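Asker: All chains, full assembly: derive it from the sequences and hints.
The listed protein sequences correspond, in order, to chains A and B. Numbering-wise (our numbering), the first sequence opens with residue 1 and increments by one. Numbering-wise (our numbering), the second sequence opens with residue 403 and increments by one.
Just so you know, these hints were derived from the structure itself, not from any lab. Nothing here was measured: the structure is a model prediction, and the numbers come from that model. Just so it is clear, CB atoms sit at the ideal spot from N, CA and C, and this is done for glycine as well. Just to be clear, a hint being listed does not mean it is correct.
With a cut-off of at most 25 angstroms between alpha-carbon atoms, the simulated SDA-like pairs for lysine to any residue come out as follows [said to hold, decoys possible]:
#1 B:K412 to A:N145
#2 A:K319 to B:P487
#3 A:K42 to B:N430
Okay, the calculated bits of chain A under chain B, using three or more residues with CB under 8 angstroms as the criterion [claimed, not checked]:
#4 78-84
#5 89-102
Have a look at the derived ranges for each label pair, beta carbon to beta carbon [said to hold, decoys possible]:
#6 B:N660 to A:R127: 24 to 30 angstroms
#7 B:E441 to A:S322: 15 to 21 angstroms
#8 B:N660 to A:D175: 41 to 47 angstroms
#9 B:A662 to A:G126: 21 to 27 angstroms
#10 B:Q485 to A:V227: 51 to 57 angstroms
#11 B:E667 to A:A20: 35 to 41 angstroms
#12 B:K451 to A:T28: 37 to 43 angstroms
#13 B:K659 to A:A54: 24 to 30 angstroms
#14 B:G754 to A:G126: 56 to 62 angstroms
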Amino acid sequence: MRFAVTRACGGGGGRARSGALYIGGSTTTPIETPSLLISTRKGLPTFVSRDHLAALPTPDSLLLHVSPLHFLDCPSSKTISNIGGLHQMLGLHEHFFVAAPRDSLESLPESEGTNKLGASFETPCGRRLIKPSAYMEKIASLKPNLWASMADEVPAWVSEKRNKTSVDRTLRWLDECLALDPAGGKTMLGVVVGGSNIEERKHCAIEVATRNVSGFWIGGFGLGENVEERSALLNAVTDNLPEEKVRFISGLSLPEEVLQGVASGIDLFDSTYIYHLTLGGFALIFPFKILDHNNLDFQLDDTVGDRAKINLRATIYRKDISPIIANCSCFTCQNHTRAYINHLLNVHEMLAHILLEIHNTHHYLGFFRAMREAIKGGKFDLFRQRFVESRRIHLTAAVLCS
Amino acid sequence: MPVGTQGTIKGLTNNQLEEIGCQIILGNTYHLALRPSAELIDDLGGLHKFMNWKRALLTDSGGFQMVSLLHLADITEQGVTFQFPVDGKPMLLTPEESIQIQNKIGADIIMALDDVVKTTITGPRIEEAMYRTLRWIDRCIAAHKRPDAQNLFGIVQGGLDPVLRDICVRGLVDRNLPGYAIGGLAGGEDKDSFWRVVAQCTAALPEDKPRYVMGVGYPLDIVVCSALGADMYDCVYPTRTARFGTALVPEGVLRLKNQAMANDERPIDSTCTCMVCRNYTRAYLHCLVTKDAMGSQLVSYHNLSYMMRLSKDLHTSLVEGQFPEFVRGFLRAQFPKGNVPEWVCNAMEVAGVDISTCCAPITS
Numbered sequence: 001m002r003f004a005v006t007r008a009c010g011g012g013g014g015r016a017r018s019g020a021l022y023i024g025g026s027t028t029t030p031i032e033t034p035s036l037l038i039s040t041r042k043g044l045p046t047f048v049s050r051d052h053l054a055a056l057p058t059p060d061s062l063l064l065h066v067s068p069l070h071f072l073d074c075p076s077s078k079t080i081s082n083i084g085g086l087h088q089m090l091g092l093h094e095h096f097f098v099a100a101p102r103d104s105l106e107s108l109p110e111s112e113g114t115n116k117l118g119a120s121f122e123t124p125c126g127r128r129l130i131k132p133s134a135y136m137e138k139i140a141s142l143k144p145n146l147w148a149s150m151a152d153e154v155p156a157w158v159s160e161k162r163n164k165t166s167v168d169r170t171l172r173w174l175d176e177c178l179a180l181d182p183a184g185g186k187t188m189l190g191v192v193v194g195g196s197n198i199e200e201r202k203h204c205a206i207e208v209a210t211r212n213v214s215g216f217w218i219g220g221f222g223l224g225e226n227v228e229e230r231s232a233l234l235n236a237v238t239d240n241l242p243e244e245k246v247r248f249i250s251g252l253s254l255p256e257e258v259l260q261g262v263a264s265g266i267d268l269f270d271s272t273y274i275y276h277l278t279l280g281g282f283a284l285i286f287p288f289k290i291l292d293h294n295n296l297d298f299q300l301d302d303t304v305g306d307r308a309k310i311n312l313r314a315t316i317y318r319k320d321i322s323p324i325i326a327n328c329s330c331f332t333c334q335n336h337t338r339a340y341i342n343h344l345l346n347v348h349e350m351l352a353h354i355l356l357e358i359h360n361t362h363h364y365l366g367f368f369r370a371m372r373e374a375i376k377g378g379k380f381d382l383f384r385q386r387f388v389e390s391r392r393i394h395l396t397a398a399v400l401c402s
Numbered sequence: 403m404p405v406g407t408q409g410t411i412k413g414l415t416n417n418q419l420e421e422i423g424c425q426i427i428l429g430n431t432y433h434l435a436l437r438p439s440a441e442l443i444d445d446l447g448g449l450h451k452f453m454n455w456k457r458a459l460l461t462d463s464g465g466f467q468m469v470s471l472l473h474l475a476d477i478t479e480q481g482v483t484f485q486f487p488v489d490g491k492p493m494l495l496t497p498e499e500s501i502q503i504q505n506k507i508g509a510d511i512i513m514a515l516d517d518v519v520k521t522t523i524t525g526p527r528i529e530e531a532m533y534r535t536l537r538w539i540d541r542c543i544a545a546h547k548r549p550d551a552q553n554l555f556g557i558v559q560g561g562l563d564p565v566l567r568d569i570c571v572r573g574l575v576d577r578n579l580p581g582y583a584i585g586g587l588a589g590g591e592d593k594d595s596f597w598r599v600v601a602q603c604t605a606a607l608p609e610d611k612p613r614y615v616m617g618v619g620y621p622l623d624i625v626v627c628s629a630l631g632a633d634m635y636d637c638v639y640p641t642r643t644a645r646f647g648t649a650l651v652p653e654g655v656l657r658l659k660n661q662a663m664a665n666d667e668r669p670i671d672s673t674c675t676c677m678v679c680r681n682y683t684r685a686y687l688h689c690l691v692t693k694d695a696m697g698s699q700l701v702s703y704h705n706l707s708y709m710m711r712l713s714k715d716l717h718t719s720l721v722e723g724q725f726p727e728f729v730r731g732f733l734r735a736q737f738p739k740g741n742v743p744e745w746v747c748n749a750m751e752v753a754g755v756d757i758s759t760c761c762a763p764i765t766s
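Answerer: Spelled out as structure tokens, the structure:
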């Protein structure tokens, strides 16, 4: 694995940077960052089957986030190894898997059960305690392209003492995982924690940076910290990590959170936002090519809700034969109408979620692409500002109307 | 014909259905009339356009669902009276209304409203239902506004009584319909009675019109009915059983939930070339089925691929004059010990297909 920063913004763009992530052979097209890790359930997206996954934009859609916790019960590590690991088991030879236990959806860190022996998680199979040795055994059988070490992620409200313990444990487990790694850290991402304490964040980052890891996974965010304090906490981490190594983060998935993370120098994000939108029957419609126009003309249309997404369960879509977005090139918009998806949602048909996950993933990948272009053009700050403004316009208009 | 009850085959997209060779799917009039309603479908240009399904569609009359789903449904000469499920209001589905709804939905093949009774019922009700079905077919024909675009099939009723069935067949054939269905079966009757009714009907129905056995079914039933001269089938079985983790294979069924599958590194079916069998092992699917939506999708995809392949193989073997060989191969895979059920042997004898080599010798 190789990572290179292709453009560092500086100035108004803060710590935002664009990069190129080379996984697999040197001949593969790099994944340009900032980019998205597509969430999976047991290695496959929740609803998007392999043929539809292949139709999403590449190489953007090649990075998949997999949680080893999904495979705790089956198949056995031996069977996974016999089959040949994740790529073989899932039939996804062109894709890249990044393994980290927390998936922010169904495998959630449960800090009260965590102890010196292992990390506790709430999973669909109940509460489970994972020890580094068991974790590394799973990693060895799954053979992901990249994997994060085990961490003790705590919510923002824990005591200082508990937070400090989490940092010590995380570092200890990092070293244990590294010792058990036959590749000596070549595909390993060191996890940085530290909760809502700037000093602990800094300390942890400095320590992890000294280890022989290939990149970093920033944990502990999206667990109750203040939006206002988040930037300072992120900066405390990224300021103490080497520039030329890649940074992943979990728990920041909303567009505003992603922009905040990018501004602090994060490269890769998970996509739980897409999952929640899809389950809720929402389709993304927010425009992201917002640097294309000099004169941004924000008009209120009659969509229900904000300008970011539409709730296709709403009755106003019953007879709407337009696609979700007029010129979207995803399978859903090319083939189906809002009216049809509205019907599918009302009769609780699985196809609704399949179509929504395809569109939402496609759209969000487009957002990341626009963001990368803004960074490469030195306009990330403007992009972020305009984006945030456009999200607030409808609120302003609503206030003016009332 | 896979069953796309509510305007979708559960868990599959149109292009996937086209990929596996699906040419026609069934939509349920009862469900669609309820949601999103026939008016809306009509306003939006018909069901093909609504679903964006470019191939063929068939809708049933709505009668069967009413009788099977609504326990307070009652059948009179006028039609089927029932309680509207949303508000309990009394409603009436007449033959005219059923055709009108189906005209709005716009399927290529539509079904007449018939008076369907369970085959397990005996007595004068069956005779009454058969004659009423004939009276209703005339009302359906009269009400049909789009005979040029939509083909109205009649449905042969008459329970298990050969005399009644014969009267019904003749009555329908007299009306010179584009196609005929054999109804009132697949409802729990014994297999021996089942095949005899099918055989009698196919023998009497015109050679040059399609014969559709409604509600069938299991692969074995389809093979037998095809041997007896039937052409079209519909059943929820392949997709429904998939959602319970059961895969269709040449040997019969494979219960993926079974613990024995947990370490089985083979595909569902080594002879199958579908996307699922080319990419996934039984062990992996074992983890997904009944727990994750993807499990339902993948096994449904395989099961429908299996059914499409079965249909294609039946067709090709008939065209190439290899039908008896195909049937023998099919039976040997399903009954390797030679224990072919007696009803199958009897049916194949009438069908003129020699399966003696598939049946174990009778030990005296």
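Asker: Run every hint past the structure and note whether it holds.
Answerer: Each hint, compared with the structure:
1. Annotation: proposed proximity of B:K412 to A:N145 is violated, straight-line Cα distance about 34 angstroms (limit 25 angstroms).
2. Between A:K319 and B:P487, the direct Cα distance comes to roughly 23 angstroms. Compliance with the 25 angstroms bound is thereby established for this hinted pair.
3. For the hint pairing A:K42 with B:N430, the CA-to-CA distance comes to about 34 angstroms; that exceeds 25 angstroms, so the pair is violated.
4. Given as covered by chain B, the region 78-84 of chain A passes the check, having 4 residues with a CB less than 8 angstroms from a CB of that chain where 3 are the minimum.
5. Counting residues of the region 89-102 of chain A whose C-beta sits closer than 8 angstroms to any C-beta of chain B gives 3, which meets the bar of three, so the coverage hint holds.
6. Evaluation of the 24 to 30 angstroms hint for B:N660 and A:R127 yields a pass: the beta carbon distance comes to about 27 angstroms.
7. B:E441 and A:S322 have their C-beta atoms about 20 angstroms apart, which keeps the hinted 15 to 21 angstroms range intact.
8. Under the hint 41 to 47 angstroms, the C-beta atoms of B:N660 and A:D175, about 42 angstroms apart, fit the expected range.
9. Checked against the given bound of 21 to 27 angstroms, the beta carbons of B:A662 and A:G126, roughly 24 angstroms apart, stay inside it.
10. Hint check: B:Q485 to A:V227, Cβ distance near 53 angstroms, so the stated range 51 to 57 angstroms holds.
11. The supplied range of 35 to 41 angstroms is met by B:E667 and A:A20, whose beta-carbon atoms lie about 37 angstroms from each other.
12. Restraint check, B:K451 to A:T28: a C-beta distance of roughly 42 angstroms satisfies the suggested window 37 to 43 angstroms.
13. Between B:K659 and A:A54 the beta carbons are some 28 angstroms apart, a value that agrees with the proposed interval 24 to 30 angstroms.
14. Evaluation of the 56 to 62 angstroms hint for B:G754 and A:G126 yields a pass: the beta carbon distance comes to about 59 angstroms.
Violated hints, listed in ascending order, are 1, 3; each of the other numbered hints is respected by the structure.
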